[in-house]
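Novice: Using our numbering, read the sequence shown as starting at 14 and increasing by one per residue.
These are calculated hints, taken from the structure and not from any lab test.
A couple of the hints might just be wrong.
[To be verified] Cβ-Cβ distance ranges computed for the label pairs, FRET-style:
1. G95 - A380: 28 to 34 Å
2. P266 - L91: 35 to 41 Å
3. A290 - T98: 23 to 29 Å
4. P266 - A230: 35 to 41 Å
5. D392 - L91: 24 to 30 Å
6. A230 - A374: 31 to 37 Å
A quick note: this is a predicted structure, and the numbers were derived from the prediction, not measured.
For every residue, glycine included, the Cβ atom is placed at its ideal position computed from N, Cα and C.
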Amino acid sequence: MFRAAAGFRKPPGSATLAAMGISAETPDVLVIGGGNAAISAAITARRLGASVLVAEAAPRPMRGGNTRHTRNLRAMHLQPEGTLTGTYLEDEYWDDLLRVTHGQTDEALARMTIRASAGLVAFLAGCGVHFQPSLAGTLSLSRTNAFFLGGGKALLNAVYREAGRLGVAVRYETPVRAIAMERGAIAEVVLGTQAGEQRIRPRAVVAAAGGFQANIAWMREYWGEAAENFIIRGTPYATGEVLRLLLDGGCAPVGDPTQCHAIALDGRAPRFDGGIATRLDSVPFSIVVNRDGQRFYDEGEDLWPKRYAIWGRLIAQQPGQVAWSICDAPAARDFMPSVFPAITAATIPELARALGLDPLAVAATVADYNAAVREGVFDPTSLDGCRTEGLAIPKTHWARRIETPPFVGYPLRPGITFTYLGVRVDETARVHLADGSPAANLFAAGEIMAGNILGRGYLAGFGMTIGGVFGRLAGQGAGEGAARHARN
Numbered sequence: 014m015f016r017a018a019a020g021f022r023k024p025p026g027s028a029t030l031a032a033m034g035i036s037a038e039t040p041d042v043l044v045i046g047g048g049n050a051a052i053s054a055a056i057t058a059r060r061l062g063a064s065v066l067v068a069e070a071a072p073r074p075m076r077g078g079n080t081r082h083t084r085n086l087r088a089m090h091l092q093p094e095g096t097l098t099g100t101y102l103e104d105e106y107w108d109d110l111l112r113v114t115h116g117q118t119d120e121a122l123a124r125m126t127i128r129a130s131a132g133l134v135a136f137l138a139g140c141g142v143h144f145q146p147s148l149a150g151t152l153s154l155s156r157t158n159a160f161f162l163g164g165g166k167a168l169l170n171a172v173y174r175e176a177g178r179l180g181v182a183v184r185y186e187t188p189v190r191a192i193a194m195e196r197g198a199i200a201e202v203v204l205g206t207q208a209g210e211q212r213i214r215p216r217a218v219v220a221a222a223g224g225f226q227a228n229i230a231w232m233r234e235y236w237g238e239a240a241e242n243f244i245i246r247g248t249p250y251a252t253g254e255v256l257r258l259l260l261d262g263g264c265a266p267v268g269d270p271t272q273c274h275a276i277a278l279d280g281r282a283p284r285f286d287g288g289i290a291t292r293l294d295s296v297p298f299s300i301v302v303n304r305d306g307q308r309f310y311d312e313g314e315d316l317w318p319k320r321y322a323i324w325g326r327l328i329a330q331q332p333g334q335v336a337w338s339i340c341d342a343p344a345a346r347d348f349m350p351s352v353f354p355a356i357t358a359a360t361i362p363e364l365a366r367a368l369g370l371d372p373l374a375v376a377a378t379v380a381d382y383n384a385a386v387r388e389g390v391f392d393p394t395s396l397d398g399c400r401t402e403g404l405a406i407p408k409t410h411w412a413r414r415i416e417t418p419p420f421v422g423y424p425l426r427p428g429i430t431f432t433y434l435g436v437r438v439d440e441t442a443r444v445h446l447a448d449g450s451p452a453a454n455l456f457a458a459g460e461i462m463a464g465n466i467l468g469r470g471y472l473a474g475f476g477m478t479i480g481g482v483f484g485r486l487a488g489q490g491a492g493e494g495a496a497r498h499a500r501n
């Protein structure tokens, strides 16, 4: 069943692969990446009987890409299921996605993903993943999102245990150096190992290596100097080498390279891998000003799970790619505080000085805002209609006067989660080539193909949904294809 390429020297760990019945040089399925999409594909292919090798560029403690920092996935359900309450049906899910993408999505693929999401909770539970009720406050998503007990690292530990139990081979610190395509198929993949380069000839390949957000030089091609001020929320290993190799090798691109999942982070966060703890949820309950002390967008446009991901891009378009969230003592109790301490002061001018802003400009902005507030019945969980009137840039919900000291401020920077440029796929997760034809043995899952569905914007938990759905599809296609190849 297995054919070793002549003259290839087995790398460290090949004895372990051989003990599993896998040729280190020619597994049935090579999965490139190590996150949710990759391991979902590996488990699915292995359950179909294929030998599977996972090549993860990161070291073991950093395995899993952005999955390490996740907390939940968005799942359709026809009735209460586990920790999910009520119902979340296809048309409502689709409407939520349509609103954030403004129609920049492939409806057929999106609806297929939504329908398939109904099986993700059970699939992950079958891999040993446990779930917990959703958190309160701005992240209360008990009806739409299933939260992982222990977060992303606990999820990864569970699925890696299941993959190991099934006999999936995993090699860390193993980046892809080259991909050779012949007549519309992957013919050979060159892996980097501590012992040097290794060439393998898998029968099928699943590309699940993420976007290129950690490659600042590549980001600069589209964002210019602004990219130097971006904070990368997740893995520093998402540098896009696999995506570049596939696009250069003739795979069809999809998605706008300037679009990404970008949110407002605490401006004091580390450049890479700060994770979800550095996110700030203060925007709906504050006003946000740029370095000139001016508001630039409606902070209360929509519920936070649908609109939080617009703020990274908005801040990226401001001078210096920086902004500040300003509120007062009562509002500061309505959101989870940052991992970094709030900056506080007894007056607005004092707060502005502490933030490095012009006190007169900020004081004028706050005064104009306070005068425009039309109070209603404040409700942080719904579109409450507490709004402003008469401002060029309104605040349409959750508008309350900023008047009770101590006054609170946070610096904000754009936090990039993943990029939307990727490879085009069909409903089986098969990659398509530039001429429109499907690749014979190449599949893709996760962030490397998310641009098929996410043309812009983001919906909380949807990245994990795309990874889970297309990971399973890719693993099924790769596993069944390898099995047919072996029979023939």
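Novice: Determine whether the Cβ-Cβ distance between A290 and T98 falls within the hinted range of 23 to 29 Å.
Specialist: Holds, since A290 and T98 (Cβ atoms, about 26 Å apart) stay within the stated range.
Novice: That 31 to 37 Å hint for A230 and A374 (C-beta), does it hold up?
Specialist: holds (35 Å)
Novice: Has the hinted range 35 to 41 Å been met by the Cβ atoms of P266 and L91?
Specialist: holds (36 Å)
Novice: Assuming the hint says 28 to 34 Å, is it satisfied by the Cβ distance from G95 to A380 or not?
Specialist: violated (49 Å)
Novice: 35 to 41 Å was suggested as the range; check whether the CB atoms of P266 and A230 agree with it.
Specialist: The hinted range 35 to 41 Å is violated for P266 and A230, with Cβ atoms some 19 Å apart.
Novice: Range first: 24 to 30 Å. Now tell me if the beta carbons of D392 and L91 are that far apart.
Specialist: holds (28 Å)
Of the numbered hints stated above, those contradicted by the structure are hints 1, 4, listed in ascending order.
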